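What follows is the residue order along each chain.
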Amino acid sequence: MPSTHDFGFPMQSLDWASWVPVLDLAKATPDEIKVLEESHPKAKENPYYLLLVQEAEVLRQRSKLFNTIMYGPRGASRAERELAATAESRLNGCPYCASVHALRYVQMKGDPALMARLMEDGVDTPMEARPRAIVDFAVKLAATPSAATDADVARLREQGLEDAQILDIAMSVAMFANANRLMQTLGEAVMPKDAAP
Amino acid sequence: MRDLLDELAGIQPGSRLDGLRALRPDVRAAVAGSEAAIFEGESGLSAAERHAIAQAVAEWNNEPALAAHHAARAAASPRLPALLAHAEMLTKRPDRATPAAVQALAEAGLAPRDVVMLSQLVAHMNFMARMLATFRLLERA
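Chains A and B supply the protein sequences, listed in that same order. Mapping to this note's numbering: the first sequence position 149 is 149, numbers consecutive. Mapping to this note's numbering: the second sequence position 10 is 10, numbers consecutive.
Since the hints were made in silico from the structure, they are not lab data. Be aware that a few hints might be false.
As the list claims (entries may be wrong) - BS3-like cross-link-like pairs, simulated, lysine-lysine; straight-line CA separation at most 27 Å:
{"#": "1", "chain 1": "A", "residue 1": "K44", "chain 2": "A", "residue 2": "K193"}
{"#": "2", "chain 1": "B", "residue 1": "K92", "chain 2": "A", "residue 2": "K140"}
{"#": "3", "chain 1": "A", "residue 1": "K140", "chain 2": "A", "residue 2": "K64"}
{"#": "4", "chain 1": "A", "residue 1": "K34", "chain 2": "A", "residue 2": "K44"}
{"#": "5", "chain 1": "A", "residue 1": "K109", "chain 2": "A", "residue 2": "K42"}
{"#": "6", "chain 1": "B", "residue 1": "K92", "chain 2": "A", "residue 2": "K64"}
Since the structure is predicted, the reported quantities are computational estimates derived from the model, not experimental observations.
Extracted from the complex, chain B is given alone in its bound form (with noise of 0.2 Å):
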């Protein structure tokens, strides 16, 4: 199975990195997995909304081709503007997390499942960044 960073790292099938990622197969079922479930569930937060943040995180991150991959699906709303700030925060200045930023999440009217679906979206494309970083420097090495 290949999952979307085979896609945008260009790992080809039977390369060496190919057989690097082999090794734990795990990895690439629970990455599409992922995928699936944070961008395709229902959700309080609309597609269109997952996939601007998403973008929006890959650009923190100088990850153009898994921000252009988000772009194609984004769209504005009248939220987005305080869902990105807390993006930033997340992905920048982690360590400045407040109970009042998160209140402030309920006020704009997001579930506690909301938040949770915000949070794990950030957390999880700050995951993948870090993997396209590395399938670059071991592809070098």
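Same shape as in the complex, but just chain A (with noise of 0.2 Å):
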């Protein structure tokens, strides 16, 4: 049965495909445009957004959740929470997601090789005691919410993650549920055309 791991996991930008009709730009409304501006700054370039501003107070609000969870100040470093949404996009089987972040990931914390060894051979790749900590907990509350527990919450604090923090690394991974249903279940990763083959 065919899966959208099937693409691979290549550590470099893709593109996305959409398999549903998207907005055509030249007939948006003005708040159309206007959730298009607040959702990402290329946002009306990108066919994913172009088809989600199709309800667009609904993409309005997911926007506002995403980027206060990802990119909000304070708490958890922006790095471990791109290192939670990699694992998960990962684990789900979503090229696209997990490409973007583990690219982000690199260009906050540095540690390529770690990346790349997430993206070829998955969660389980060896990591040092934070970010492996980070991982497994993510890898469960992704999978199964109910599967994570107080010994995954534990091993964080000894890693010196405090609650808020912990807090933060989880409202990554449940935005990642979103975020891989959605980029997994109306389009699909593509290779750009540009890019070496």
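Join these two chains into a complex; the hints should help.
Structure representation (structure tokens):
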């Protein structure tokens, strides 16, 4: 049976193609334009946002949620929020999501070798204790919410995370339970035309 | 501002969890805004269908309080089984998605906008389930 894992998880920028007709930007209402601008700097050229903006108010609220969870100040570092998001995307099999957030992690934290292994080998690839505790928690909460336990929270605290930071990591996982499902089921990752073979 | 998660998780004003949530007030505002947009917005999917799908996704995620919240306003329709089958794939095996699955929704009479609403609804419920599981963990621990 085909799976979205079959594409593989290349660590490079990918394109995304919609399976559902998207909005023609020339016909967008002023409110739709505003929602696109609030959602992402390049949303007006991106088929994913041109698809979702057909339910404009739903996208507006979701973008507000996404942006505060992933980019809000203080709390868990942005790199560790990206680590949780990447691990979940790799687990669920969303190559587009995984590549975007793996590259962002490397940009913020360095350690391209860890991300390359996570993409190639999956979430069980060896890593140091702190990223390991974050990835293990993320993977359990992603797969079956009730599978994450007190022991997983205890390990995160042992690694020095405060509860506000643990909540941030968990919210990143909750957000990507949402994001993976949209990206994976409304379209698919495609190699950019100008990418090297 | 309080949201549905506060209500269902029993987060009391002034409690430790209330304090943690207060660090990101936009989350509460956007959860409340998402609930309104998804369940009260005008759509080709009836409100009763949307609540029925939400109830099912909550049940698949073992979140009885979340399921009960939606059960009160849920009702069946002739095409509900097709919508639920899609919601189940999205929830349990999103890697099994295919263009044919989306095409089947179009053949069941869903406009592109309705497909977006269905997907956003299921994605949102999977978000909500993980938030509730997290609050139980942080409350206990």
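Now for the hints, and whether the structure bears them out:
1. A:K44 - A:K193: Given pair K44 of chain A, K193 of chain A holds - Cα atoms ~20 Å apart, limit 27 Å.
2. B:K92 - A:K140: holds (14 Å)
3. A:K140 - A:K64: Roughly 26 Å between the alpha carbons, so the hint for K140 of chain A and K64 of chain A holds.
4. A:K34 - A:K44: The hint holds at about 10 Å.
5. A:K109 - A:K42: Holds, at roughly 24 Å.
6. B:K92 - A:K64: holds (26 Å)
Consistency with the previously given hints is maintained throughout, with no hint failing.
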